[in-house]
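Asks: Spelled out from the first residue to the last, the chains are:
Protein chains: 2
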Amino acid sequence: MNEVELINLILDRLGTAGRDARLKIGPGDDAAVVEWEPEQDVVVSTDVCVDGVHVPKDCPGDLVGYRTVAMSVSDIVAMGAVPRYLTIALTIEQPDVDWIAAFADGVRDACVEADTTVIGGNIAKGVKQISATAIGTVRRGQAIHRHTAKPEDDIWVTGRLGATQLALPVMTAWIPQGLSELRQLTSTDVIARYLLPPIRTPFVECLRQYASACTDITDGLAFELEQLISGSPHGYRVETDEIPLWSSAVLDDVLANDDSYEMLFTSSKENREAVLHYGKNSHTPISRIGTVLPTADREFVPAREVQSRITGFSHF
Amino acid sequence: MNEVELINLILDRLGTAGRDARLKIGPGDDAAVVEWEPEQDVVVSTDVCVDGVHVPKDCPGDLVGYRTVAMSVSDIVAMGAVPRYLTIALTIEQPDVDWIAAFADGVRDACVEADTTVIGGNIAKGVKQISATAIGTVRRGQAIHRHTAKPEDDIWVTGRLGATQLALPVMTAWIPQGLSELRQLTSTDVIARYLLPPIRTPFVECLRQYASACTDITDGLAFELEQLISGSPHGYRVETDEIPLWSSAVLDDVLANDDSYEMLFTSSKENREAVLHYGKNSHTPISRIGTVLPTADREFVPAREVQSRITGFSHF
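Line order of the protein sequences matches chains L and V.
Going by our numbering, the first residue of the first sequence is number 1, and it counts up by one from there.
Going by our numbering, the first residue of the second sequence is number 1, and it counts up by one from there.
Bound-form chain L, shown alone (with noise of 0.2 Å):
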């Protein structure tokens, strides 16, 4: 197969799922061409999933497919803007028609779940990676940076923290499962939760209404508990026990290192039911965990040494 036949392969896959009235040039041309909502604001983030890294070494298509555009999307719900539109580059070292045609359902699949279009992309000969560009839509003014966080306000968290740090020393015996089986698995299995993140779309409402600040979790609970406050005099206090984690989750790791693309976020306590409302309403589990300190402090009760830890993961 060529690249015209695999690009043909993949946009049958994807089918027509997501198809936005908005888009007046998708896949095919030199670009796509969307016609952008007035009073909206136009949000863009890029991420990258290396093979091996990112995800397992050989890990089925379908799987890796759905977790990119998890991964990507998550960015764009951190700001409160609802995702929309996604291009994707693959590069894959040869043209493995049946992981290409599994990989773009993950896509399809994820894009349903996140109510996302693919509007375009690329494919070459490399080692396989993807790169996902997300756009996402916000009304004008409105997206929620990382760094806004108010003294007094209550520290949130979704879902549950944990769940790499336990998948990756198991995962070596792990005989791959189909998307739709590990789909069910998300909320009792540590494997199926870390291959597929959650997709936060339903809560995106509530997070641009009420969040003062917001980040997805990506590299340790303690350095995107630094991005909240990053530039302010203030600090924070958490409940170490109130942080929601998988059993036998060790809270340490999650401190240092977590992937679990869930939102930490930051609210006013007068929006406290509210909140609860609204995660009720959309299903979407969340926990309080602490306050913002109007002073510098770093507080965990009961007492945690984490200092050393807030640097964040790196690749290098």
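Derived by calculation from the structure, the hints in this document are not laboratory data.
It cannot be assumed that every hint is accurate.
When chains are identical, the list treats them as one kind, so a pair holds in a single copy or across two.
Simulated pairs of lysine to aspartate or glutamate, EDC-like, Cα-Cα distance not exceeding 20 Å [what the hints assert, rightly or not]:
1) K280 x E113
2) K24 x D189
3) K150 x E239
4) K125 x D58
5) K150 x D12
6) K150 x E299
7) K125 x D259
8) K125 x E37
9) K24 x E299
10) K125 x D115
11) K24 x E181
We have chain L; now place chain V onto it with these hints.
Replies: Coordinates of chain V only, in the frame set by chain L:
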């Protein structure tokens, strides 16, 4: 250097070149946010630059940076849109600070030339590779398709074709040169032209006003000619002597395989003077190479046998 330090180094090198008043949140948050202009469509394209494929192995960073931006911008210009924003994802095996700094310099120089701003990106460990997503803006509904050429339209091409075919065989003995030196040589030296594709932003407004169809040339001229009439009952006649070639370039090679990133476009005969005028005023070399035919014939005068070559370049 860890990732955060590398990102800061890159942002430092990029400086404020091209910083855009509509960029509300730039690099450093989960995603970038742009206040979109009313009545403007969003134009998006993703490209990949693989080390050893799209650029020679061990190519200096500044040349790779420049080339990556030029490649990406080209797709946006081919839509008649103004390239405005870029995200760049770099994977690299080792955090080679000198190479990365030079890469950022090259990105900056090309962004200044294209009047484009880097608004986000990603850096991760992996085989050296760059993917770039370019975002452009065009007045609502005025983006130019590839395949909308009309019968009797003139067929035009910018610049000169064939540099890649001439450059690759002699590059084995090439001693890497600096970006600023090579930028002086793009109209006289095939290696300079191959490494540093043209940035045709000064010609965008002409394309938007007068082009009935447009594509950038990345897969050989014969393949791109097919794009102009794809899905239509039309054909084309090309005066082969009018195709602007580098001296000693072989026409058959250019028909089969050329990635000059020049613009191939069609325009009504009535616009002929206006297009020539625009080319001159914007210092864009342009050549009229043929005519769109109302019938499905493909004529090369003098005759050329190209039927077997219109599948374009395939990586696989």
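Asks: 20 Å Cα cut-off: does K24 pair with E299 within a copy, between copies, both or neither?
Replies: neither (51 Å within a copy, 33 Å between copies)
Asks: Between copies, within a copy, both or neither: which fits K24 and E181 at Cα up to 20 Å?
Replies: Answer is neither; intra-copy 35 Å and inter-copy 42 Å both fail.
Asks: With 20 Å as the alpha-carbon cut-off, assign the pair K125 and E37 to within, between, both or neither.
Replies: neither (36 Å within a copy, 37 Å between copies)
Asks: At most 20 Å between CA atoms: does that hold for K24 and D189 within a copy, between copies, both, or neither?
Replies: neither (41 Å within a copy, 40 Å between copies)
Asks: With 20 Å as the alpha-carbon cut-off, assign the pair K125 and D58 to within, between, both or neither.
Replies: The answer is both: 17 Å in one copy and 18 Å across copies each meet 20 Å.
Asks: I want to check one pair: K150 and D12. Are their C-alpha atoms no more than 20 Å apart within a copy, between two copies, both, or neither?
Replies: neither (48 Å within a copy, 29 Å between copies)
Asks: Within, between, both or neither: how does the pair K125, D259 come out at a Cα-Cα threshold of 20 Å?
Replies: between (29 Å within a copy, 16 Å between copies)
Asks: How would you label the pair K150, E299 (within, between, both, or neither) given a Cα cut-off of 20 Å?
Replies: within (16 Å within a copy, 70 Å between copies)
Asks: With 20 Å as the alpha-carbon cut-off, assign the pair K150 and E239 to within, between, both or neither.
Replies: within (18 Å within a copy, 68 Å between copies)
Asks: Can you tell me if K125 and D115 fall within 20 Å by alpha carbon in one copy, between copies, both or neither?
Replies: Classified as neither; 30 Å inside a copy, 30 Å across copies.
Asks: Under a CA distance limit of 20 Å, which applies to K280 and E113: within one copy, between copies, both, or neither?
Replies: within (18 Å within a copy, 51 Å between copies)
The structure fails to meet hints 2, 5, 8, 9, 10 and 11 from the earlier list, while all remaining hints are met.
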